[in-house]
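Please put together the full structure from these sequences, using the hints given.
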Amino acid sequence: MKRPPTPLLGGLAILGLMVAFAVAPDVFSPYDPLAFDFSALLAPPSWAHPFGTDQFGRDLLSRSISAAAIDLQIAVFATFFPGTLGALLGLLIGWYGGLADAVIGRLMDLVATFPFLVLVIAIVAILGPGLANMYVAITIVGWVPYARLMRSEAMVQKNGEYVAACKVLGYSTPRILFRHILPNAIRPVLVYAVTAMALAILLGSSLGYLGLGAQPPTAEWGVLIADGKNFFTTAPWIALFPGTVIVIAGLGFSLTGDGLADLLEVKR
Amino acid sequence: MTVMLAIRNLTRRFPARRSLADLLRGRPRQAVHAVEQVSLDVHRGETLGIVGESGCGKSTLARCLVRLHTPDAGSLAFEGADVLALEGPARRAYNRRVQMVFQDPYSSLNPRLTVGETLAEALHVHAIVPKADIPARVRALLDLVHLPHDAAARRPHEFSGGQRQRIGIARALAVEPHLIIADEPVSALDVSVQAAIVNLFMELQDRLGLTLVFITHDLRLVRHMTHRVAVMYLGRIVEVGPTAALFAAPRHPYTQALIRAVPQVKPGRRTTEAAVIGELPSPLEPPPGCAFHPRCPLADATCRRDIPVLEGRGGAWDVACHQA
Numbered sequence: 001m002k003r004p005p006t007p008l009l010g011g012l013a014i015l016g017l018m019v020a021f022a023v024a025p026d027v028f029s030p031y032d033p034l035a036f037d038f039s040a041l042l043a044p045p046s047w048a049h050p051f052g053t054d055q056f057g058r059d060l061l062s063r064s065i066s067a068a069a070i071d072l073q074i075a076v077f078a079t080f081f082p083g084t085l086g087a088l089l090g091l092l093i094g095w096y097g098g099l100a101d102a103v104i105g106r107l108m109d110l111v112a113t114f115p116f117l118v119l120v121i122a123i124v125a126i127l128g129p130g131l132a133n134m135y136v137a138i139t140i141v142g143w144v145p146y147a148r149l150m151r152s153e154a155m156v157q158k159n160g161e162y163v164a165a166c167k168v169l170g171y172s173t174p175r176i177l178f179r180h181i182l183p184n185a186i187r188p189v190l191v192y193a194v195t196a197m198a199l200a201i202l203l204g205s206s207l208g209y210l211g212l213g214a215q216p217p218t219a220e221w222g223v224l225i226a227d228g229k230n231f232f233t234t235a236p237w238i239a240l241f242p243g244t245v246i247v248i249a250g251l252g253f254s255l256t257g258d259g260l261a262d263l264l265e266v267k268r
Numbered sequence: 001m002t003v004m005l006a007i008r009n010l011t012r013r014f015p016a017r018r019s020l021a022d023l024l025r026g027r028p029r030q031a032v033h034a035v036e037q038v039s040l041d042v043h044r045g046e047t048l049g050i051v052g053e054s055g056c057g058k059s060t061l062a063r064c065l066v067r068l069h070t071p072d073a074g075s076l077a078f079e080g081a082d083v084l085a086l087e088g089p090a091r092r093a094y095n096r097r098v099q100m101v102f103q104d105p106y107s108s109l110n111p112r113l114t115v116g117e118t119l120a121e122a123l124h125v126h127a128i129v130p131k132a133d134i135p136a137r138v139r140a141l142l143d144l145v146h147l148p149h150d151a152a153a154r155r156p157h158e159f160s161g162g163q164r165q166r167i168g169i170a171r172a173l174a175v176e177p178h179l180i181i182a183d184e185p186v187s188a189l190d191v192s193v194q195a196a197i198v199n200l201f202m203e204l205q206d207r208l209g210l211t212l213v214f215i216t217h218d219l220r221l222v223r224h225m226t227h228r229v230a231v232m233y234l235g236r237i238v239e240v241g242p243t244a245a246l247f248a249a250p251r252h253p254y255t256q257a258l259i260r261a262v263p264q265v266k267p268g269r270r271t272t273e274a275a276v277i278g279e280l281p282s283p284l285e286p287p288p289g290c291a292f293h294p295r296c297p298l299a300d301a302t303c304r305r306d307i308p309v310l311e312g313r314g315g316a317w318d319v320a321c322h323q324a
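Chains S and B are the protein sequences, given in the same order. Here the first sequence is numbered in my numbering, starting from 1 and rising by one per residue. Here the second sequence is numbered in my numbering, starting from 1 and rising by one per residue.
Keep in mind that a hint or two might mislead.
Label pairs and their calculated CB-CB ranges [what the hints assert, rightly or not]:
| no. | chain 1 | residue 1 | chain 2 | residue 2 | range |
| --- | --- | --- | --- | --- | --- |
| 1 | S | L107 | B | H224 | 35 to 43 Å |
| 2 | B | H157 | S | L107 | 55 to 63 Å |
| 3 | B | D133 | S | R106 | 50 to 58 Å |
Derived list of chain S stretches under chain B, where covered just means 3 residues or more per stretch with a C-beta under 8 Å from a C-beta of chain B [as the list claims (entries may be wrong)]:
| no. | region |
| --- | --- |
| 4 | 7 to 14 |
| 5 | 156 to 164 |
None of these hints come from the bench; they were simulated from the model. For every residue, glycine included, the Cβ atom is placed at its ideal position computed from N, Cα and C.
So, in structure tokens, the structure goes:
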């Protein structure tokens, strides 16, 4: 029944490359991502500039590579914070039920009825643009699906006989929750989180595009696309290549998520 | 015989979900009468069997005894001390002496922990042995239930149902209990494996001086391994007595029917006659009077009106029946 985890390996390969770009962009970048080159403005893809250059002559390959660090950070932070908050809340309301479940359940409905992006934009607009505030906004809006997943899974697990055995053995509630229920209930949340990382990059890119996330001249894939929009008819490569990179990164996260789902499947 | 666990008038009802239509019609809230007015003594060192059909409240009773459920009424005393009022450390101390073995060996073990981790956790939480001695004690527990030492490093999915039930028994034994409540511990297992687990229980009782409450719907097991047997019907105990005498001459019509219903291997003893008429009534609305009267061949007007009391009939034998 063991089939080779090809999707997982492919996903990890893509993510590994991204991490390598993030850790040591100088090793891979042929040029300084911020250096202007007025002899090669809006140069189309060539051997010298595989992704072409933008209106200031900045090498787009180098800029895409240097953006990996910030986009990887966005992918991780924009899922880690809401994921942790949501999973904790979901675990607690799934276990205790009752009033807490009812109150937080309605709060989840409330948050979920707002269009996601509009709410994030509104919160960032109040807090001010920038990455830190973007994470705050995404956490406030994004914890709901994690909480829902964790809540339903915790409700299933808490009725398992092994939990009854824990109670009969006199284990404390924190011990039951974090040592027994959490490891058995976390799988859907983890798998969703990894898939959501792809969406987080798109979200970060959208906010960057709107000027609410990463601020220029920092290279960020969304910002790169935003830069390219005015030249799309004459120099489509400016938007096209960073866009392709986003797609590939998203693919990496999705494949890893699928692979992780298989890997974490618990044998009974 | 000293009384270890004294159960008095224990009652547990589960409120049923009320539909909007019922609410609008003003119907009263219904409740499943899982355990009704159960009084029973568990004696030190004995094996007490509790038998009854599915849904008669055996498991609910078991769960009340280990305090997984809180009874709605009645009292429970362990060695003279009230159990239902215990909270926190005192409750933990009670559960150290009274443990449970569960029905389903597949869901009663945490699939993410190795067997060693599961056993070590119980030893650690209750500080049964110093930390350094935990691995040795885990091996001793595995010996006790006849599992190899290398089982400690493996996870539950690598074991068969019978082996898992041994792990569940070892986990219960880890805290050195005096009383074990076994809730249908073999009904999920193959017949060949059942015998091995039953023999393990009997062996452990001999070696450790355990008191055992063995809940099952299998009368043959009860006859084989218990000293006394209590028969439950729709949440109530209808007959309690010494196993051998009770099997030889059951007094309650329900017990008689149950014993007649045991499949016979010898062709000459087979019967085609139905042992009990009809189905188990809904525990939402137990029949008035004796709950067994709709299915009882001996029922008369008294049975339909008055709930029979569990009364002594000599020789530590109690029956709840107007006719017997």
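Here is how each hint holds up against the structure:
Here the CB-CB span from S:L107 to B:H224 is close to 57 Å, at odds with the stated 35 to 43 Å. The given range of 55 to 63 Å is broken by B:H157 and S:L107, whose C-beta atoms sit roughly 38 Å from each other. Distance hint for B:D133 and S:R106: a CB-CB separation of about 51 Å, consistent with the stated range 50 to 58 Å. Restraint check on the region 7 to 14 of chain S versus chain B: 0 residues with Cβ-Cβ distances below 8 Å, three needed, restraint violated.
Interface restraint, the region 156 to 164 of chain S with chain B: holds (4 residues with C-beta to C-beta distance below 8 Å; minimum three).
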